[in-house]
Structure formats: structure tokens, C-alpha cells
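Build the full structure now, drawing on both the sequences and the hints.
There are 4 protein chains.
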Amino acid sequence: MKPISYTNLFEIRVRFADVDPMGVAYYAHYLRWFEIGRTEFLRQLGIPYKEVEKSGVSYPVTEVKVKYSAPVVYDELIKIRTWLGFIKKASLKMEYEIVNADTDEFHAEGYTIHAAVEGGGKIVRISDRLLSLLAE
Amino acid sequence: MKPISYTNLFEIRVRFADVDPMGVAYYAHYLRWFEIGRTEFLRQLGIPYKEVEKSGVSYPVTEVKVKYSAPVVYDELIKIRTWLGFIKKASLKMEYEIVNADTDEFHAEGYTIHAAVEGGGKIVRISDRLLSLLAE
Amino acid sequence: MKPISYTNLFEIRVRFADVDPMGVAYYAHYLRWFEIGRTEFLRQLGIPYKEVEKSGVSYPVTEVKVKYSAPVVYDELIKIRTWLGFIKKASLKMEYEIVNADTDEFHAEGYTIHAAVEGGGKIVRISDRLLSLLAE
Amino acid sequence: MKPISYTNLFEIRVRFADVDPMGVAYYAHYLRWFEIGRTEFLRQLGIPYKEVEKSGVSYPVTEVKVKYSAPVVYDELIKIRTWLGFIKKASLKMEYEIVNADTDEFHAEGYTIHAAVEGGGKIVRISDRLLSLLAE
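Quick mapping for you: the protein sequence lines, in order, are chains A, B, C and D.
Just so you know, we're using this note's numbering here: the first sequence kicks off at 129 and counts up by one.
Just so you know, we're using this note's numbering here: the second sequence kicks off at 129 and counts up by one.
Just so you know, we're using this note's numbering here: the third sequence kicks off at 129 and counts up by one.
Just so you know, we're using this note's numbering here: the fourth sequence kicks off at 129 and counts up by one.
Bear in mind the hints are in silico, worked out from the structure with no lab data behind them.
These numbers come from a predicted model, not from an experiment.
Among the hints, erroneous ones may be present.
Copies of the same chain are indistinguishable here, so a pair counts whether it falls within one copy or spans any two.
For lysine to any residue, the following SDA-like pairs were computed, each having C-alpha atoms within a straight-line distance of at most 25 Å [claimed, not checked]:
1. Lys207 - Ser183
2. Lys217 - Ala198
3. Lys216 - Val227
4. Lys217 - Ser197
Set out below in C-alpha cells:
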């Protein structure tokens, strides 16, 4: 199910802080990893999210889904795979996979959908710059 | 879309720790609220999750979905509504809504699906006690 | 070591999300509890922190210390005791104790020191209103 | 105030999840960074904490202190400096500094004190292997 388009890979280690009493990563931390994935995806494209926000438009998550297959354990080095699912006039979808960084063992997959929103909360069109960069 | 069956209500206040630079609750915190919701749902049924686990069977999340409608702000008192979506032989679904505790303004909805798993990670049948309590 | 002055008491339950693989609350969560303690301390005095910030002055933490005595376990109901340590022209100290809500078993104690800071980051005097309310 | 002894350096980026409504890293996240610092310090010495724990002795934090000098902002790349403060028969102290990874701008410093504890919670002597490795 690997995407044809551009995929960002980012490695991160699972910390004590992330792990629950069952010895595996708490299920909410995957959303933090997704955030890291899409931030690094944008950075690699040359558009740090910090700059995106300076344009006055932010991209809050309107929907998230995660399917957990195999638990991630303490001190494991994981790899976040991130790619663009779709991009429309006022929304975009990012897709993610969490795998072991060494063995590529599959742990989880998911997506986030984002709306383009102005400061006041009004939904707007995605900026042309972002559109053209992501559409490539 | 309110359930006919039993619904647990639990109020909690949004803290500085939960809020991101946009002044709204970070999207991963909703999963923490869902955890609180289903824990209190079980407690009100008379089966604290702590005891469920002592039986040797745990119920890890295999899937989660959240749809975010309106942002939750700092110091807001929210209400978590939790009910049982379905229960099968080896899995169950919990459903959630996040609303403002005073005005019932709708913020988000979502669900978690859980598998019944033994210590070793083997999928097992949901215990009869839990089944009968939840099936009521 | 209980204070003579006004003390706020606030109860909160320890969640799965807060607990590490050793089955006890992760050490950083105590700082979240301290935040909750001082926020509720201010609210009970009639000055929600939300309003304090609207005045243009915020009170970031410049120093924190925690001494951990006995671990806090999953699903435990704890009580946060919060009181004012000292208040000076441009800084104040809050003190905290974490105990079991039912048995008063002692878990941890600590403090935070806060500076009064304007939007731009300049250290300023604590507002007269806050001073007079806290000095009582 | 740099140590004469061995110092571990580890870089990490500040995420949206770490930042509060004031646009700066929430004060509890520094404790997570300290955890990362001491874990990487041990790994570089050839003793991953995962293995330390397998020996049946763990090293919970009994005391933590942080002094915050200058705020850490969103997307900043920080460097965690970690070194051994002292080691005694049943306790040890780790020291930390948080600085900007590019400019070395100083952000915060702190320490953690750890006790050697057996499974049951009994305080024990630090293992000879750890002692000899850290004493070098």
C-alpha cells in the first residue's frame, strides 16, 4: 500500500514517557508521531509549518483515524512514513505508517484530514504556493 | 445520534498542558478523554478496568477515529459522553462525544474498537462477566 | 508542614495515559498536577488564570522542584494541596503536596516559582489586584 | 559550568504537542527531555536502560529540579547536555542543560536524583557494573 508519490521517512525512539503499564506505547502518542511525520514532510518540501502559519492560514486536523496492528515497545526505534493522500481546494489528507526502523515490521497506519482555516476560524482555500508544491 | 443504551457522562476541565499554540486543545488529548470516558463508563457499571485487567485479559485499542467539529479552548469545562457501540465475541466498540459541559455545544465525536487479548498477546473471547454486564 | 494560610484541595484520578511501564505515574505528570493545583487555587480566590492573562501579564514558571516519596499508582484518586509560599514584588512561590485522596498517604511535595512577565517578555511588578488578593 | 566528566549531547526538535498557548514549551516537557538525556547518556556508555532494568533493579527519580532561563519555542532544535553529578552507594545524580542546538543559547538547567530500587520497592545498592562504568 506504499504511495507512488513522495514519502517522508523520519525515525524516532519510543521513550518511557510514551509507554503505558502494559509496556507498549500509549495509543494517543501515535497522533504525536503523525504530527512529526507531516511536519517533516513539509520541511523536506521546503515549507516548514512555522512559515505556513505565518501566512495567516493554519491547517487544523478535522479527522484522524489510526489502525493499530502490533504494539510498539519501550526503547524501540520506529520509522514514520508520511505521504499526501489527496489535496482539494480547502482540505488535504495526509497518510501515515508506523514501522520498526530496523526490520520494517508493521505497527500501525492512519490518516489525518486538514482544513485550511484563517485566523478567525473561517475555512479558506489552500494557498497557491502550498497547492503547487504538494501537487507536484 | 444519541444512543438508546446506557451513557456515561464525565466532566473535565481543559488545562494549559492540553492546549497548543493556537489556543485550542491539541488533537491527541481527545484520545486521553476517550480513555477517561470508557474507564468511568466501566466504573459506573461496577467493573473498574483495574479489575478487568486482573482477570488476565486486557482490551487494547485496535482502531480509533475522531471527527473534530469545533475547537475546545483553555479552561473550558467539557463533558465526555461514552456509550457502547457494539459488543461481539472478541471485540467491542465504544463511542464518544465531547461537548461543552454548560452549553452542550458539540465539539467532537469518535470511537475506539478494542480486542480482548491475553497476557501473551493472543486474542481471546470477552469474559462472560463483561459480556453479560455490557449486554444489558 | 501544612501551611497556616489558605490551602486549595483538588482531587484527580490517575489515568492509563499518566502511568509508565513500572505501573506508577510518570514523574513529569506531577508538574501537570501542580498546574491544576495553582489554577484551582486562583479560581477559588475568584481570579481564574484566564482573566489574569487577559490583563497582559503572565506568570511563567522560572523554577520547579519535586521530591517524590511514594509512587502513585494507576486509577488512584489523589488530592493536590496548593498554597502560597511567598509573594514578592515581581515573583511568587506556590507550594504543593500530592497525597492519596482517601488515606492522605503522602506521595510527593514540591514548589514552583513564577515571575510576572509582560507580553514582550519584560519582567514587571505583580498586579495590585493579585497582590492584595494573595496577601490576605 | 560544563562538567569535566563525560557529557552526552542529544538533539531534539520541539513539536506542536510540546508547546502551550504562550507559544513556548510547556514546563513539564523538560522532564521528558531530561529522561531522553539520561537514557542516551547510558546508551553511549554501552548500558541501555532497558538492560539495566532487566537486572531487576530500577532507578526511579526521587527528586527533580529545573531552572528555566529563556523559553524554548515551537520548531526549535534544542540540544540536551547530560552528565553525571555524583554517584553514591544507593543513589546517583544526573545533571542537564537545555540549549539551542545551533547557537548554544542557554534555556534551562536541572538535575534528577535517582535511588536504586528492587522490584518490591526496597532500596538496594547500585549494581557493581553500573558503578564501575559510571565511576570511570
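TODO: At 25 Å max between alpha carbons, let me know whether Lys207 reaches Ser183 within a copy, between copies, both or neither.
DONE: Result: close neither inside a copy nor across copies, 30 Å intra and 29 Å inter.
Open item on the list: One pair to classify: Lys217 and Ser197, alpha carbons no more than 25 Å apart. Within, between, both, or neither?
Closed with: Result: close only across copies, 19 Å inter versus 33 Å intra.
Open item on the list: Treating 25 Å as the Cα threshold, decide for Lys216 and Val227: within, between, both or neither.
Closed with: neither (28 Å within a copy, 29 Å between copies)
- [ ] Pop the pair Lys217 and Ala198 into one bin, within, between, both or neither, using alpha-carbon distances up to 25 Å.
- [x] between (36 Å within a copy, 21 Å between copies)
Comparing the model with each earlier hint shows violations of hints 1, 3; every other hint is respected.
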